[in-house]
Structures are given as C-alpha cells and as structure tokens.
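With the sequences and hints as input, model every part of the structure.
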Amino acid sequence: MPLGVIRRSNNGVLVLDAGQIEQNLTVDLDGSTSNGSLELTNVSGQLQVNAGSLTDNFSSTITMYPGASLDMNILNGWNADANSPISVPGFGNPAVAQIDGRLLTLAGTIDVSLAQGKLQIFTPAVIQAAASVNVGHTDRLEFDGNTTVTGGNFTMGQFAELLFDGPTTLSGGTFDTFSSVLADGSVNFNGQTVWNGNVTINGIARQNGNATVAAPTVINGGRIDMDGTLNTTWEINSSLFVNAIGIGSVAADTFGGTFDIANGAIAQLAINLDDPTSFWTMAGEMFVSNNLPIQSTRISGSRMRVTGDMNVDGANVRITADTDFADGSNTVLQTNSSSLVMRGTTTVEAGAMFMGEGTFINGTNGTLQLAGGSSLNELGLRNQSLLEIGDATGIADVASFESTADARWQVEIGGHVAGDEHDVILVGNGDAILDGRLSVKLIDAGNGPFVPQVGDEFTILSTVDSVVGQFDNAPISIADGTDYQWEVLYNSNDVTLRLASTISDLRLGDVNADGSVDLLDVTPFVNAVTDGTYIIQADINCDGLVDLLDVSLFVALLTG
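Here the numbering used here is used: the first residue of the sequence shown is 34, the next is one more, and so on.
For the record, the hints were derived by calculation from the structure and aren't laboratory data.
Keep in mind it's a predicted model, so treat the numbers as computed, not measured.
Wrong hints could be hidden among the right ones.
Label-pair distances were calculated between CB atoms; the ranges are [to be verified]: (1) Asp513 to Pro326: 44 to 52 Å; (2) Thr556 to Gly406: 47 to 55 Å; (3) Val588 to Asp468: 28 to 36 Å; (4) Tyr567 to Ser537: 13 to 21 Å; (5) Ala284 to Phe124: 33 to 41 Å; (6) Ser585 to Gly406: 29 to 37 Å; (7) Ala589 to Val283: 36 to 44 Å; (8) Thr310 to Asp580: 25 to 33 Å; (9) Asn369 to Gly488: 28 to 36 Å; (10) Asn410 to Gly502: 20 to 28 Å; (11) Ser549 to Asp498: 49 to 57 Å; (12) Asp498 to Arg540: 41 to 49 Å; (13) Gly406 to Thr437: 20 to 28 Å.
No residue lacks a Cβ here, since even glycine has one placed at the ideal position from N, Cα and C.
Spelled out as structure tokens, the structure:
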C-alpha cells in the first residue's frame with residue numbers, strides 16, 4: 034500500500050507491505066462497521082498511524098506475521114476492546130513482530146502461536162481484566178514498555194516465554210504456565226516491578242528485577258522464584274502474602290537476595306508454603322524495622338531458616354514464623370534499644386552470630402531452644418514463654434537474663450557435669466531477673482536414666498552481676514514412679530537446684546491415690562484444676578501447677 038491519508042474510516046481490510054495513516058484529529062481505524070481489520074501478513078509488513086485519537090475503541094482484528102511492525106502513534110493512546118484479537122503466528126520464522134507507539138489499553142486477545150511466534154510490545158500498555166493473552170508452544174511475548182496489569186488471563190504452552198522487561202505494575206491477573214518446572218517455560222518479571230494487588234500464578238514465575246510492594250498484595254500460585262537470577266531486592270512497604278509450593282526455582286526454596294521490610298503498621302512478609310512441614314532459607318540479607326510504640330509483625334507464615342544476615346532496627350520487631358538461626362548466620366540489633374520478639378518456635382544453633390546490645394525476646398506463646406554452646410554475645414535475653422537449653426543439655430551464654438511472670442524455663446538434668454549432663458545459663462554482663470516458673474526434667478544424658486540422690490546440687494544459672502527475684506515455684510520432677518522435690522537456692526551470683534526429698538510409687542493421673550487411673554479420678558482432678566489445690570498426681574506435665582495444660586494429658590492417661 035502506498036503512503037497516503039485515510040480521512041474517514043477503514044471499513045475494509047488493510048493488507049500492508051508498508052503504509053502510513055496521517056490524521057490530525059481522529060481516525061476510525063476499524064470503520065463504522067467494525068469490520069476494518071489490519072493484516073500485516075507480508076514479511077516485515079509495516080504500518081504507522083499518526084493521529085490525535087481513534088474515533089472509538091478498536092474493535093476488529095490485527096494480524097501480524099513475523100517481522101511485521103505496527104506503530105500506533107495515537108496522541109491520546111488507543112483501546113483494543115474485547116472484540117479485538119491480535120494474532121501473531123510464527124510459522125517457524127524467527128523474525129519478531131513489534132507494536133510501538135502510545136499507550137495501549139488491552140481488553141481483547143493477544144495470541145502468539147504457531148511455532149516460534151514472537152511479539153515485542155514497546156508501547157506502554159494496560160492489561161485489563163477482560164484481556165486474554167495466549168503464548169503457545171515455543172512462542173514468546175515480550176513487554177518492553179511501562180506495563181500495568183490490572184487483570185486478565187495469561188496462558189502459556191510448553192517452552193513458552195512471557196517476559197516483562199520494562200517497568201511493570203501488577204494489580205491483578207492470572208498466569209498459567211505449562212508446569213512448575215523452570216525448563217518448561219516461565220513468566221519472567223525482568224524490570225522494576227511494583228506489586229499492589231492479588232495475582233495468581235499457576236505454574237512458575239521469576240522475579241529477576243527489583244520489586245516494590247506498594248499496597249497489600251497476595252500472590253497465590255505454584256512456584257514463585259523470588260530472587261530470580263539477579264539476587265533481587267524486595268522493598269516491602271505493605272503486606273505481602275505469598276501462598277505457594279515454593280519460593281525458589283527448585284525445591285531448596287533458598288532466597289539469596291534482599292528483603293527490606295519497612296516501618297509502618299502493615300509492612301509484613303508472610304511466606305506460606307503448601308507443605309506445612311516445609312521451610313524456606315533466608316540466605317541473603319534481611320532488614321526489619323519498627324518505629325511504632327507497639328509490637329509489629331514483620332515475618333510470618335512457614336518456618337524460616339536464617340543462614341544469611343538479618344538487621345534489626347527499632348524496638349518490638351516481631352517474628353511469628355517458626356525460625357532457626359543457623360550456624361554461620363549473622364543477626365545485628367542496630368541499637369541498644371532494638372529488640373527482636375520471637376513468637377513461634379525458635380532455635381538458636383551453636384555458631385549463630387549475634388551483634389549489638391539490644392534484647393532478644395522469646396515472646397508470648399513462643400518456644401525458644403538455645404543449643405548447647407550457643408551465645409547471644411552482648412544481647413540480653415527476655416523469656417516470656419517456654420525456654421529450653423540444648424537438644425538434651427547444654428550451656429548457653431547471654432549478656433543479661435530476665436524471666437517474666439508468664440515464663441517457664443525447663444531445665445534438663447541427666448548428671449552432675451554442667452553443660453554435658455545438665456543445663457546452665459551463663460549471664461555475662463547484666464543481672465538475672467527471675468519470675469515465672471521453673472520445671473525440671475530428668476533425662477538420660479548417655480549413661481542411662483539419671484537418678485539423683487537427696488542433697489545433690491546442680492548450678493543452673495551463673496551471673497557476674499546479681500540474681501534478682503525468684504521463681505514462683507519449687508519444681509517437682511516425676512520419673513519411673515518417683516516424685517523428686519527440689520529446693521531452689523538463690524545465691525548472690527547463681528541459682529542452684531538441690532534435691533530435697535523423694536516420694537516413691539507415685540502414679541501421674543491417680544489423683545485419688547487408689548493405685549489406678551480411672552473415672553474415680555475425674556472429680557478430684559477437676560476440683561484441683563478449678564480451685565487451685567496442688568495435688569502432685571494431677572500435675573501431669575510436671576510444671577509445678579495444676580491447670581488447663583494438664584487436661585489433655587489427663588484425658589490421655591484416663592483413656593489409654
């Protein structure tokens with residue numbers, strides 16, 4: 034078609050080798066009947082449209098063969114509505130079709146197909162909810178301009194590629210890849226990406242460019258490779274919930290990039306893996322902060338294993354996910370007023386490094402296990418829930434120690450050798466402030482079940498400063514039908530357990546002491562729970578209290 038001017042409408046079919054449409058104001062590109070289609074079906078066919086605007090939405094067909102070029106230089110942008118399929122067949126020809134120009138708003142269909150079909154969209158684009166984008170077997174679609182996805186369905190065949198190379202904003206959309214195996218093809222977000230809505234990815238997607246979470250976001254899907262190939266940085270300024278099979282390209286689920294979780298009430302990273310027994314590894318760098326006067330959850334969801342670097346700035350930074358601080362990890366509390374509050378099941382391995390002078394808090398409903406040989410260095414430890422030292426027994430080192438009114442410290446004793454056979458906390462710089470409960474469990478530390486003798490003493494805490502306060506109870510241990518009653522000795526610089534007495538032939542659950550656990554024990558057990566009377570046979574978990582924590586254990590004894 035020669036260069037020329039169409040002043041009114043296109044009611045027919047434009048089959049183009051090369052052409053140019055010039056219109057100062059408006060052009061009706063699909064005609065008054067919406068039958069005006071554009072067919073760039075010759076190799077390297079080209080069309081440039083220069084106008085102020087289209088008369089109305091484009092509502093017809095665009096066909097582009099390999100190498101074809103469509104330049105929609107429409108000053109006010111153009112809309113391809115739900116009745117406007119854009120078809121790009123490949124026919125095995127590697128040449129790339131291209132769309133350029135001003136803003137494209139797509140509510141129709143893009144179909145890249147037929148063996149090595151390739152389309153690059155350089156124009157800025159908005160993909161609407163009604164849009165349908167199909168990339169066939171071995172085909173490729175690439176968005177190079179500033180692209181906003183508000184919705185739509187993206188479907189990919191095996192070995193297909195869907196690339197967002199330009200700046201991209203994701204507020205919605207559903208992406209279906211052939212499988213969750215990277216080699217079968219994936220969605221790739223290669224440019225700077227802003228996440229601010231609900232997105233579904235059935236299969237696999239990779240975040241290669243840096244990402245920002247600007248508004249509450251939920252990513253539901255298969256495998257979301259969050260650090261891609263470039264050690265991606267995520268700036269998380271709002272809540273991000275990732276519900277997925279995994280967050281890596283393979284089952285290891287290791288993140289090697291950077292998470293920067295900002296201040297604010299709702300900035301949070303929640304990674305929820307489909308398998309409840311799975312965990313993800315934070316091998317890169319993480320920044321968590323809080324400038325609010327209350328606790329703020331920054332990490333939640335599935336278990337997190339920290340092998341990289343964690344930086345904590347501000348007080349009351351809360352993690353509710355189960356967390357392992359692995360050997361070789363580095364956790365830094367930036368100021369002496371910084372505090373990290375752990376509300377899940379937390380383990381600190383020997384060799385995990387901690388720096389700064391803040392406070393490590395085992396928060397409400399948390400369980401903290403400090404491995405034998407572990408050290409918080411200059412960090413203080415505040416226990417508000419259940420604390421254990423070592424897998425069996427061990428020595429842990431902290432700067433200061435506080436056990437609050439709701440806390441429980443379970444000490445394991447399997448012999449007389451500190452660390453090797455019974456637990457010890459060493460407090461290096463500050464006071465040991467004591468409250469809450471102390472429980473003692475007798476174990477086999479390698480030489481058979483330990484049987485202490487009346488008068489045996491075990492130092493379980495030592496501090497260079499002072500011991501302040503005391504635990505609420507004198508602990509009781511029960512092993513092999515024997516009741517071991519302990520006395521707690523509070524010295525100026527240590528806390529020592531002394532076995533005061535023993536009672537033989539004790540049977541847990543036998544609350545009425547008639548030699549069996551049966552229905553006759555129910556009423557006295559309920560009375561002990563409700564009126565606070567301490568009966569040792571009713572203290573099924575041996576924590577020094579008869580309370581609701583004993584109920585399920587009593588029922589198990591009664592029925593089993």
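Going through the hints against the structure:
1. Separated by about 51 Å at the C-beta atoms, Asp513 and Pro326 satisfy the suggested range of 44 to 52 Å.
2. The beta-carbon spacing between Thr556 and Gly406, approximately 48 Å, falls within the hinted interval of 47 to 55 Å.
3. Judged by the Cβ atoms, the range 28 to 36 Å given for Val588 and Asp468 holds: they are separated by roughly 31 Å.
4. For Tyr567 and Ser537, the hinted distance range of 13 to 21 Å is satisfied, since their beta carbons lie about 19 Å from each other.
5. The hinted window of 33 to 41 Å between Ala284 and Phe124 holds, with their beta carbons roughly 38 Å apart.
6. Take Ser585 and Gly406: their Cβ atoms lie about 34 Å apart, and the range 29 to 37 Å holds.
7. As the Cβ distance of Ala589 to Val283 is approximately 41 Å, the hint placing it in 36 to 44 Å holds.
8. For Thr310 and Asp580, the hinted distance range of 25 to 33 Å is satisfied, since their beta carbons lie about 30 Å from each other.
9. For the pair Asn369 and Gly488, the beta carbons lie near 43 Å from each other, so the given range of 28 to 36 Å is not met.
10. The given range of 20 to 28 Å is respected by Asn410 and Gly502, whose C-beta atoms sit roughly 24 Å from each other.
11. Under the hint 49 to 57 Å, the C-beta atoms of Ser549 and Asp498, about 51 Å apart, fit the expected range.
12. For Asp498 paired with Arg540, a C-beta distance near 43 Å keeps the hint of 41 to 49 Å intact.
13. Checked against the hint of 20 to 28 Å, the C-beta distance between Gly406 and Thr437 comes to roughly 26 Å, which is consistent with it.
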